[in-house]
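Engineer: Based on these hints, arrange chain B on the given structure of chain A.
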Amino acid sequence: MSITKVTQHPTQNESLIFERSQTGRVGYRLPKLDVPETLDVIPTEFRRSDDLAGVPEVSEVDVVRHFTRISTWNYSIDLGMYPLGSCTMKYNSRLNEKVARIGGFAGLHPLAPEAESQGALELIYKLQEDLAEITGLPGVSLQPAAGAQGEMTGVMLIRAFLDQRDGEASKDRRVILIPDSAHGTNPASAAMSGFTVKTIHSTAEGLTDMNHLRELCNEGGVAGLMLTNPNTVGIFERNIREICDTIHAAGGLVYMDGANMNALVGIARPGDMGVDVIHLNLHKTFSTPHGGGGPGCGPCLCSAELAPFLPTPRIEKSGETYRLNYDIPTSIGRVKAFFGNFGMMVRALSYIYTHGSDGLKEATEAAVLNARYISHKLADTYDEPYQSDCMHEAIFSHKHQAKKGVVTLDIAKRLIDYGFHPMTVYFPLVVEGAMLIEPTESVGRADLDAFIEAMIDIDREAQDDPELVINAPHSTRIGRLDEATAARKPVLRWREDMESTAKAA
Amino acid sequence: MSNNIPENLRYSKDHEWVGVDGDIATIGITDYAQHSLGDVVYIDMPRVGDKFSAHEAFGSVESVKAVSEIFLPIAGEISEVNDGLNDTPESVNNDPYTDGWMVKIKMDNPGEADGMLSAAEYEEYLEASA
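Going line by line, the protein sequences match chains A and B. Mapping the first sequence onto my numbering, position 361 (from 1) lands on 361, and the numbers just tick up by one. Mapping the second sequence onto my numbering, position 37 (from 1) lands on 37, and the numbers just tick up by one.
Same shape as in the complex, but just chain A:
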């Protein structure tokens, strides 16, 4: 293994739990067996004969200290700025966590009868109403567990709608148009739903090429368009009405990828722009935790026309009572067990209520202002591939630094030495050496200035001492990893004959 250790200090060099194993060490002491031992109940072929070889033998305190130590190696949203573009790494409020832990919500069994789940059903219903108001799209399902699943649900709704509207002829309408700057999940969702993908070019300004869009529509067979707005270079598609009209005139529907909704909440509604279906990421825009902090939630919202196809069960309100309707024959069916990840819905509603409509609008304004501040302050130092004002994220390329042999990956790694999580790198693909920076509304002026200063310092280093940046990071426990070998020949499990990870140099 070719891992370069920056320091040999013991607190910075934690071995694998397997390597901490000492024969005979345990974390329990059981009383002596006082009945005859019986092995017959377990068939021979299911019995292990190797005495659990390879399973670490450690005490309780070994386990606690091991995992506590490695937990301090994480970079998290609670530790500092996390400017991953297109990911909206905003602060996860403690109040949301407190609300999600209220016994009636946290302990409710998903199979509890409707009559005993009225509070939870009301919460889901109210969140649906608020998200419908925010997006301008009345049909809602909170079932999808993540953005990509919400996206695929949206494409399946388009497919179901077309099948019903066009009958047999629907099979001649199997093309989904996707801009070249799109998230990779867009073409994947389209392909998995039985569509073929045609790519729309972007203009030099970073917008959808309207002429190319019309040309592709004229080729026929268009089922729909998948568009991110603001798009993945952080620019608002100002022709969105015309884009939607063009697709509708061609007989298709418009799906909007809501990944960048943090630039729109409280200001502009996709439904009013002509969008038919959208997904949201509660773990981005509505501040619920990402990844290891909890499961996701990728609601799918749509027009009244598409609503009959939404996943079941759907929540209905009659008088003051909420009930689940499983009997909707036009529905595409379930996309997730039970009702999705309910804990995320509690947090998102808490976020909406604590902000109020004015607070949500203010958060959006601050998110855009923060990104524009970075864009403005770094404009003289880093190449900006597009001239338009950015929305909630700023995009740069490594063009100026690459002349010295310093590329985006090096800049990202050096940022770690300055205490920041790197930005999104090499995405979107339309910008060579892209660096996509999304500060969100959660950071103040002082943090933004510290980040900007770090970026300017890194540029100075790239010009004066490129090797310093090319070999970064220097302040971490291990140096730069060999990502190519890790991907080509991944080592996925520990083996006894492996070289020790802590001592490898």
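It is possible that part of the hints are untrue.
[Said to hold, decoys possible] Reference excerpt, derived from the structure (chain B facing chain A, CB under 8 Å, subset only): (1) V41; (2) V64; (3) K65; (4) A66; (5) V67; (6) P89; (7) E90.
Keep in mind that the hints were calculated from the coordinates and are not lab data. For every residue, glycine included, the Cβ atom is placed at its ideal position computed from N, Cα and C.
Structural biologist: For chain B alone, kept in the frame of chain A given last:
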């Protein structure tokens, strides 16, 4: 930076190269393409017998940076696939024009490759788009 562009091959604006031998064409990606992609870790390839029209995507290349589609510059039927790349995808980086070849096709129109860029034209194209 100077790019390796062999004289005896033909090139596409999508940075694929084509080597013609009778009605069989060998196809891979150029030195410029492998350099832009970075370390290649996986290549998704078609099956022998698959048919593609010109400019259609026939597979994809996954690098540490991104996944990119690879296009067939000319129409034809896949006659051979470089299975060696499953174990050594790095050949695409190290030897893009030899060990890093990807597929061979039986061309629908054997003259079609003549319409592609020559080495000199491709070099000019790279310089113009730099």
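Engineer: Against the earlier hints, flag every one the structure doesn't satisfy and list their numbers going up.
Structural biologist: none
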